[in-house]
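Novice: Residue numbers (the working numbering), protein chains in the order written: chain P, 4 to 401; chain C, -16 to 308.
Think of the hints as simulated: they come from the structure by calculation, not from any bench. Cβ coordinates follow ideal geometry from the N, Cα and C atoms, glycine included. Check before you lean on any hint, since a few could be wrong.
[Unchecked claim] The calculated label-pair distances, taken between Cβ atoms and stated as ranges, are:
#1 C:Glu270 / P:Glu377: 40 to 50 Å
#2 P:Val31 / C:Glu29: 31 to 41 Å
#3 C:Gly89 / P:Gly179: 21 to 31 Å
[What the hints assert, rightly or not] Heads up, simulated DMTMM-like pairs for lysine to aspartate or glutamate below, C-alpha to C-alpha not over 25 Å straight-line:
#4 C:Lys33 / P:Asp315
#5 P:Lys389 / C:Asp148
#6 C:Lys303 / P:Glu382
#7 P:Lys384 / C:Glu29
#8 P:Lys58 / P:Asp315
#9 P:Lys58 / P:Glu340
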Amino acid sequence: MNARTNKPEAYTNGAEVHTPSFIDGHSVDIPILKLLKEDGSLYPNAELPELDQAKAEKVYRAFVFHRVLDERMTAAQRQGRISFYMTALGEEATTVGGAAALAPQDMIMAQYREQGCLIYRGFALTDFMNQMFSNEKDLGKGRQMPIHYGSNKLNYMTISSPLGTQIPQAAGYAYGQKLQGKDAVTMCMFGEGAASEGDFHAGLNMAAVHRAPVIFFCRNNGYAISTPSDEQYLGNGIASRGVGYGIKTIRIDGNDVLAVMKAVQFARNYALEQQAPVLIEAMSYRLGAHSTSDDPSGYRSKEEEAKWQAHDPIARFKAWLIHQKWWDEAQDKALFESLREEILAAVKVAEKVAKPPVEDLVTDVYDQVPKHLEKQLSELKEHINKYPEAYPFTAGRF
Amino acid sequence: MAQMNLLQAINNALDIAMAEDDSTLCFGEDVGHFGGVFRATSGLQEKYGKERCFNTPLVEQGIVGFANGLAAQGSRPIAEIQFADYIFPAFDQIVNESAKFRYRSGNEFNVGRMTIRTPYGGGIAGGLYHSQSPEAYFAHTPGLKIVVPRNPYQAKGLLLASIRDNNPVIFFEPKRLYRASVGEVPEDDYQLPIGKAEVINQGNDISLLGWGAQMEVIEKAAELAANAGLSCEVIDLRSILPWDVETVAQSVMKTGRLLISHEAPITGGFAGEIAATIQHECFLHLESPIARVCGVDTPYPLSLEKEHMADHLKIFEAIKRSVHY
Ligand SMILES: Cc1ncc(C[n+]2csc(CCOP(=O)(O)OP(=O)(O)O)c2C)c(N)n1
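Generate coordinates for the entire structure from the input sequences, incorporating the hints supplied.
Specialist: Given below as structure tokens:
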């Protein structure tokens, strides 16, 4: 929409009626983009994303890595080796596909369930492990709970737990990219639950008015912890809100990785060419628990889960790859097996790496350690020296 | 009497409050059928219906703003903020609205019937965003009451008092103790007074003061001190706002020394306010400077949680320094 046609007087140009009637958001038909059927065949006229065999294989490898990582780390959490974990079961297509459609220089500002983006971008297995074991090699210096990753090198903003806070930030980040004439956009990912936060509304409005090249990517997976989406909002999904803010909007099948890639490529081109925001709503389902602290059997049925199991994005894409003759079952089995071994070995290494040194407690609060924190640190060291057995991770290291 | 953990005591208090007054409502993220992520509201939706106990959309400013409106209308809202770390999106609704409703309207309107419950505190390997103790931010705001229980008995009695208090109350629940703290709790209705501290242990050498989960840590330090031949008076403040100056001052006049401990960072923490007031009230009785043992002035870490915390050993050392000043 051109800003100039947005003046209030333009609203008076609509059809005139002389008896009152409401506009119902649900009467506005929002189409949903689907390219790949459940059986791995394409819909007729499906317009494919840019994708060759090498890239398709890279996407699939990221899928399998993700599955195995989720499986292994859930087990590690159950064994008490890590404190917490969150899987993305059933939603991998949104994140892996999203990252695969971006350029490496594009910034990703995510919520927490988007490890798939990092996997696609090549975050090292050791980096994943060091973060989850919050050891001294963790890029985040062991300060956050597992899965709160971040990588400057890979243009993946470190996760912050308060929901929705990244949304207006993404608008600002993208606006900065625009002012600097960069050939880059920002992709901001969040759940349909987080889209209730005030920050969501603030962020979309800021991006729309200031025409920031940001792709807002909502993973609508049906639940925010135990709250089903029909107790989260009554409107026509999250997509209708994009329309309301004057943002170009598209709804897609989030379990169809080809549709995700197509939509993100399409959105990226628009955001870059028009220097304006886009909203994508990807319809999916959170197959797993919210986190390892959650038990979904308390709020949803096994039948419901089973129904969605059949929409598994990874199985669907694998079927397509096999149709293409780009993949086969033997390769598949070998890949799963080698990744299982690799990840298990990496767990064993990471859990033995030391915890961060005590100095890391006071660094990065400011650019330099101020006097009062230096003093608190030296008092702390003195104290630890007195009781080394009470502070096993740091005692004996200074 | 029944054995209850802290969560069950809270659930029991909510049940009593909802039974006695039809205008009492419990709501927040995941509070409905699921009973909240910690299960504090378990069974309430089944008992009182979806209209009175429900899930809200995920928007803290909405939850508290909604509670403000309900309370202004005469209902008795009990809003849950899932973690105290996520109370900040609602900060404006709390400090500018809940706290000032009565004052700005010349008492034409008030939101005194509202209560905000929220789990706070660390020691649970929760890292930056599941460990904060934000009471001091709210203690700076006239118009609010702030209450922090330390065990199931207190949780029930103080929560019932908070719900029935005619001022907006923020009720901080020590989540580290939710299941860990178990004790005898009367099944009947009872209230504990807001604004009144509790002396839990008499002593002569120094007064130790804290609230909530920190009391457990302080009591452990007092034990170490007792083994070293020092007698500590232990006081649980229970209410941060208003706080019981009289009980604390009386104790300090007896012991001549005061140590305050809280989980939040030391700078700007509520211990500073207490120290200033007690110094004024008890200046000629003090035999050593008032000691503060608090969190380090950094965000709450994960790996170095033990180092960051105001633990029993740090308190024990500070007791010795104070007594041998
Ligand atoms: C401001 C804030 N409030 C509450 C929480 C607690 N919380 C963490 S995740 C979550 C649910 C988020 O759901 P959604 O955005 O739909 O994402 P999903 O988990 O489904 O991927 C909640 C309530 C939080 N992290 N931040």
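Novice: Against each hint, give a clear statement of whether it holds in the structure.
Specialist: Verification of the supplied hints:
1. C:Glu270 / P:Glu377: 40 to 50 Å: Taking Cβ atoms as reference, Glu270 of chain C and Glu377 of chain P lie about 30 Å apart, which means the hint is violated.
2. P:Val31 / C:Glu29: 31 to 41 Å: Distance hint for Val31 of chain P, Glu29 of chain C holds at roughly 37 Å.
3. C:Gly89 / P:Gly179: 21 to 31 Å: violated (47 Å)
4. C:Lys33 / P:Asp315: violated (34 Å)
5. P:Lys389 / C:Asp148: This hinted pair is violated, its Cα atoms lying about 47 Å apart.
6. C:Lys303 / P:Glu382: holds (15 Å)
7. P:Lys384 / C:Glu29: violated (53 Å)
8. P:Lys58 / P:Asp315: Judged against 25 Å, a Cα distance of about 20 Å means the pair holds.
9. P:Lys58 / P:Glu340: holds (21 Å)
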